[in-house]
Amino acid sequence: MSARSKYSVPFLHHKVIEEHAEMLLGEWALEHPAIAEPPVPIEDILELGLKLDFEIGDLRGTLGHDDVLGAIWFGDRLIKVDQSLDPTRNSRLLGRYRFTIAHEVGHWRLHRQHLMNDPSAAMLFEQDGTPAFVCRSTAKPSEEKQADIFASCVLMPRRLVFEAWEEWRGSRDEVALADLAINPDDEIALDAFCRPLAERFEVSAQAMRYRLEKLELIVKEVEPRLF
Amino acid sequence: MSNDQQHFGPLVRQKRLDKGYSLRKFAELVGVSPTYLSLVEKGKVERPPTAERVRKMAELLGESPDQWIALAGRVPEDLNEIIRSEPEAMPELLRAAKGLTAEELRKLARRLEKKRDEEEKP
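Chains L and Z are the protein sequences, given in the same order.
For what it's worth, this note's numbering labels the leading residue of the first sequence as 5, then goes sequentially.
For what it's worth, this note's numbering labels the leading residue of the second sequence as 18, then goes sequentially.
Note that these hints are calculated values from the structure, not bench results.
Don't take every hint at face value.
Restricting the straight-line Cα-Cα distance to at most 27 Å, the calculated cross-link-like pairs of lysine-lysine (DSSO-like) are [claimed, not checked]:
id, chain 1, residue 1, chain 2, residue 2
1, L, Lys55, Z, Lys59
2, L, Lys55, Z, Lys32
3, L, Lys55, Z, Lys36
4, Z, Lys42, L, Lys55
5, L, Lys55, L, Lys149
6, L, Lys55, Z, Lys132
Please work from the sequences and hints to get the whole structure.
What follows is the structure, encoded as structure tokens:
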């Protein structure tokens, strides 16, 4: 996902972003049943937990870009998702729909305070009714990459992924692509492998694959162990 | 769009959130797409949802279906048929009742029901 970059945001390490995601899930669990298994109810977290306004509509038409997925207005506490992602049009869109919501929630949690506190940004801040971030499917400024990482961590929390992996594979051991006879460049085969877990987490197979690679559950080859 | 209709969307949203339904979940229960429900909540639809759908929304949220149908700018499904069954007398009755308070109308309705019950007794 990408954006027109109105403002610059500071560098955030992956680990810090993951902590932010875990913190949000922790806050949710204070007032709601803790999330014991996937999928993470990101739509409930958005509307019932964070109490943000939420809309699905024609963002592409109103913002004039044909690759817009979502947008956020900090001042109005509003997140919008483009109607092209409505999963009732096609159930295969569910993962992208949820990821876009989680991505916008990522902007809310990671970037809102920074932009609100930046006087130069505040001068420009959503004065013309345009969103703070317009998230598109091409090009990736750093704040968009950060929001993607947040979305990945919040929809696929480390603990739930390891538990689901163990249930699926029978152990927490990583899998080597060589053992599965999958070429590391063969994204279609990789996604097909990840699909059963992706369906449980209600994310796209590609998003699931990135997360499994990040958590080193899918590796090119298994490192020899000392013991 | 009437004043009531402008209030209908935000009311649906508030009551939906009070009951703990996400937009997509509630849309699924009502039988509409979340995009459509979102437009309804924001008052961006050209025509209000059908009386049948408004009834479903009200029932799910524990609200009065007839009141919500009126707020949405629709007429309950059975009324058209009732009026058409007596195309002259029924509008005449409604016009005669116009201006009565809700309480007076309820009393009148109860009297009519009682009268009908008595007539139906063997």
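Against the structure, the hints come out as follows:
1. Lys55/L to Lys59/Z: holds (16 Å)
2. Lys55/L to Lys32/Z: Holds, at roughly 14 Å.
3. Lys55/L to Lys36/Z: holds (14 Å)
4. Lys42/Z to Lys55/L: The given pair, whose Cα atoms are some 16 Å apart, holds under the 27 Å limit.
5. Lys55/L to Lys149/L: Satisfied, since the Cα-Cα distance of roughly 24 Å is no more than 27 Å.
6. Lys55/L to Lys132/Z: Measuring from Cα to Cα gives roughly 52 Å; hence the hint is violated.
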